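Visitor: Assemble the whole structure, with the sequences as input and the hints as a guide.
Going down the list, the protein sequences come from chains A and B.
25 is the number that this note's numbering gives to position 25 of the first sequence; each next residue is one higher, with no gaps.
1018 is the number that this note's numbering gives to position 18 of the second sequence; each next residue is one higher, with no gaps.
Honestly, I wouldn't trust all of these hints.
What the hints assert, rightly or not - Taking lysine to aspartate or glutamate pairs in the EDC-like style, the calculated list, with each CA pair at most 20 Å apart, reads: (1) B/Lys-1247 <-> A/Asp-76; (2) B/Lys-1149 <-> A/Asp-51; (3) B/Lys-1016 <-> B/Asp-1185; (4) A/Lys-63 <-> A/Glu-10; (5) B/Lys-1358 <-> A/Asp-213; (6) A/Lys-116 <-> B/Asp-1250; (7) B/Lys-1213 <-> B/Asp-1246; (8) B/Lys-1149 <-> A/Asp-49; (9) B/Lys-1070 <-> A/Glu-55; (10) A/Lys-63 <-> A/Glu-34; (11) B/Lys-1149 <-> B/Asp-1164.
Said to hold, decoys possible - Covered by chain A, per the in silico footprint, the following chain B stretches (three or more residues, Cβ under 8 Å): (12) 1059-1073; (13) 1249-1259; (14) 1350-1364.
What the hints assert, rightly or not - Pairwise CB distance ranges, derived in the manner of DEER restraints: (15) A/Glu-175 <-> B/Arg-1346: 55 to 63 Å; (16) B/Lys-1145 <-> A/Asp-51: 17 to 25 Å; (17) A/Leu-231 <-> B/Lys-1276: 27 to 35 Å; (18) A/Lys-11 <-> B/Arg-1346: 44 to 52 Å; (19) A/Asp-51 <-> B/Arg-1215: 24 to 32 Å; (20) B/Lys-1016 <-> A/Asp-51: 50 to 58 Å; (21) A/Gly-241 <-> B/Leu-1035: 36 to 44 Å.
Hints in this document: simulated from the structure, not taken from any laboratory.
Bear in mind the structure is a predicted one, so any value in this text is a computation, not a measurement.
Glycine is no exception: its CB is placed at the ideal position from the N, C-alpha and C atoms.
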Amino acid sequence: MEDSLEIAGEKVNNRLFIGTGKFASYSIMKRALEEAKAEVATVALRRVDADSKAENILNYLPKSCRVMINTSGARDADEAVRIGRLAKAAGAGNWIKIEVIRDNKYLLPDNLETLKAVEILVKEDFVVFPYMSPDLSIGRRMAEAGASAIMPLGSPIGSNRGVKTRELIEIMINEINLPIIVDAGLGKPSEACECMEIGSAAVLVNTAIAVSDDPVRMAVSFSKAVCAGRLAYLSGIPAAGKIASASSPLTGFLRDKK
Amino acid sequence: MSFYDLYLQHKDFDLKKIFSVVSPGSIQNSLERDLLDIGQYIQLISPQAENCLEGMAQRAYAITRRNFGKTIQLYTPMYLSNYCENSCLYCGFNLNNNIERKKLSLNEVEKEAQFISSSGLKHILILTGESRLKSPVSYIKNCVKILKKYFSSVSIEVYPLAEDEYSELVASGVDGLTIYQEAYDQEVYAKMHVSGPKKDYKFRLEAPERGAKSRMRNISIGALLGLGDWRREVFFLGLHAKYLQDKFPDIDIGVSVPRIQPQVGDFKPISMVSDKNIAQIILALRNFLPRIGITLSTRENPDFREALIPLGITKISAGSTTAVGGHTLCVEHLQKYSQFEIQDQRSVDEIRGMLECKGYQPVFKDWLNF
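Guide: Printed below as a string of structure tokens:
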């Protein structure tokens, strides 16, 4: 059964998106992306060093991997827009994760500035993925403005705390007619699986993979967990209840006799 | 309110009294918390915490790895001028020192820039002595204009400026400000800074705030250890960093804890700061301020630098020289112009190799030319 995620007319089969920061080397990062069969990788434009003796991160992305530039470092909408335009001019494509952060302690995004950047970049034909604190109203406005997906955080970036915002994310999944991609805070494959089970379209993971003792195997395990969670979601997970449901019911004798 | 007000509120703080009630148990309790408050930070810089360094190190290592990954940012300093109007007892640029004075011409700046950028570095820190006459803001601005052709990030470590001057430099492409208070204790400060504009303690202390208001992206502060009681200095450094982080949440705040090193002249440190002390300071800062940048300069020797990296360091200098034009002028000139003696003379390639060997990615570029 084909089950690909379609964004801006493109099909993505692997719903694990991988962030490329924090790895001990680009070669380890490359192997992690390859072994996990990642199809989307986010790259901070601030780290792209196209013209120096130092290695260029873009050369280490597998050919099958689509680049999603992120606007890391942007403190307001204007800076995010400028980074987006620079990325496009540098030939890094038009998929852009908008990340506007004015809080360097918790790295929580500024939803308002992010929304402004979405409005501008959509008009400039970018495929826009806003990273945001889960908020239904702002999410709806981002959708109305033309975002291609919404990326609410599970918990603060790099915190490995899991899906602390689950209730809010579930509401967004139910109410917004766009792919909801949980980004940030996932520390374990089981948490990625949980996101997929509740209907997230994809998840984005970086820290938990990059700083593990074996990033390559961790990337593979996240990939498998995402597949498992997605499959479970598609299979229709039975509702959990507090009362036992006996497989040999006590009232079975009341069934009509044929 | 500025940090000076906070300093005044805390200047008579009896740290020794607080230290007297610290126990291994209270330190352990602090380390089990998600976020530490200033009282818990004081515990970590106490003499008793010297017996808890391993626990502090494990926590610091985990935090750093989670927040910054297995990466270390690289940069190098570039000295533009050693003309100085100050008489600071500990500094090689002291106007009373009989050294040859030099200011780079714009052609020489370009040569230095070409040389440094050929090593792959994209982040540069430019420095001058304190002379508004010889190295005015207009000169610094002209240098920045050249440097922006070669580097994606240009930071300044110059005399304290007014807010509009910082804004002018930000507009010309400067994104980072480094300014060390040297001594937070105002009495120690007064003794060390005998004459010249640097005598103005408050103007220097408030410079990071002026830089933040001018929209610098990174601000790095520090205390020059060895001038006074290090525990007291490091207490104020932590307080200052926390204050800046709270007041300017969209600016990356960094700290550095340089130890006084031999330089021209015969100044000897007033108080000794051991290797163990330096490790404790870095661990305390990392545990207290999990997202702060911590820079380690080439004032420390190669072995010690390498050992400190996993404890919380995020940024190191490479291929350093503290002499004006030290990257391209001929070798015999170097000693004549240097500010202090560096302990780690390894090239950028050697530092890069060392980091890769230790499982860290050397980050050459982490900002962009807007």
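Visitor: So the hint says 27 to 35 Å: do the beta-carbon atoms of A/Leu-231 and B/Lys-1276 match that?
Guide: violated, 54 Å
Visitor: Would you mind confirming whether the straight-line C-alpha gap from A/Lys-116 to B/Asp-1250 stays at or under 20 Å?
Guide: holds, 18 Å
Visitor: For the pair supplied as a hint, B/Lys-1016 and B/Asp-1185, confirm whether the alpha-carbon distance does not exceed 20 Å.
Guide: With a Cα-Cα distance of about 15 Å, the restraint between B/Lys-1016 and B/Asp-1185 holds, given a limit of 20 Å.
Visitor: Keeping to a limit of 20 Å between CA atoms, is the pair of B/Lys-1149 and A/Asp-51 held or broken?
Guide: holds, 12 Å
Visitor: Taking 55 to 63 Å as the hint, is the beta-carbon distance of A/Glu-175 and B/Arg-1346 inside that range?
Guide: holds, 57 Å
Visitor: Range first: 36 to 44 Å. Now tell me if the beta carbons of A/Gly-241 and B/Leu-1035 are that far apart.
Guide: Holds: the Cβ-Cβ distance is about 38 Å, inside 36 to 44 Å.
Visitor: Holds or violated: B/Lys-1070 and A/Glu-55, Cα atoms, limit 20 Å.
Guide: holds, 16 Å
Visitor: Checking C-beta pairs, does the segment 1059-1073 of chain B have three or more residues closer than 8 Å to chain A?
Guide: Our answer is that it holds, as 7 residues pass the Cβ test (under 8 Å) against chain A, meeting three.
Visitor: Decide if the proposed pair is consistent with the structure: B/Lys-1358 and A/Asp-213, CA atoms, cutoff 20 Å inclusive.
Guide: holds, 14 Å
Visitor: If I claimed the Cβ atoms of A/Lys-11 and B/Arg-1346 lie 44 to 52 Å apart, would that claim hold in this structure?
Guide: Given a distance of about 49 Å, which is inside 44 to 52 Å, the answer is holds.
Visitor: Are B/Lys-1213 and B/Asp-1246 close enough, with their CA atoms no more than 20 Å apart?
Guide: Satisfied, since the Cα-Cα distance of roughly 14 Å is no more than 20 Å.
Visitor: Apply the coverage criterion to the segment 1350-1364 of chain B and chain A: a residue qualifies when its Cβ sits closer than 8 Å to a Cβ of the chain, and three qualifying residues are needed.
Guide: Contact hint for the segment 1350-1364 of chain B vs chain A: holds, 7 residues under 8 Å.
Consistency with the previously given hints fails for numbers 11, 17, ordered from lowest to highest.
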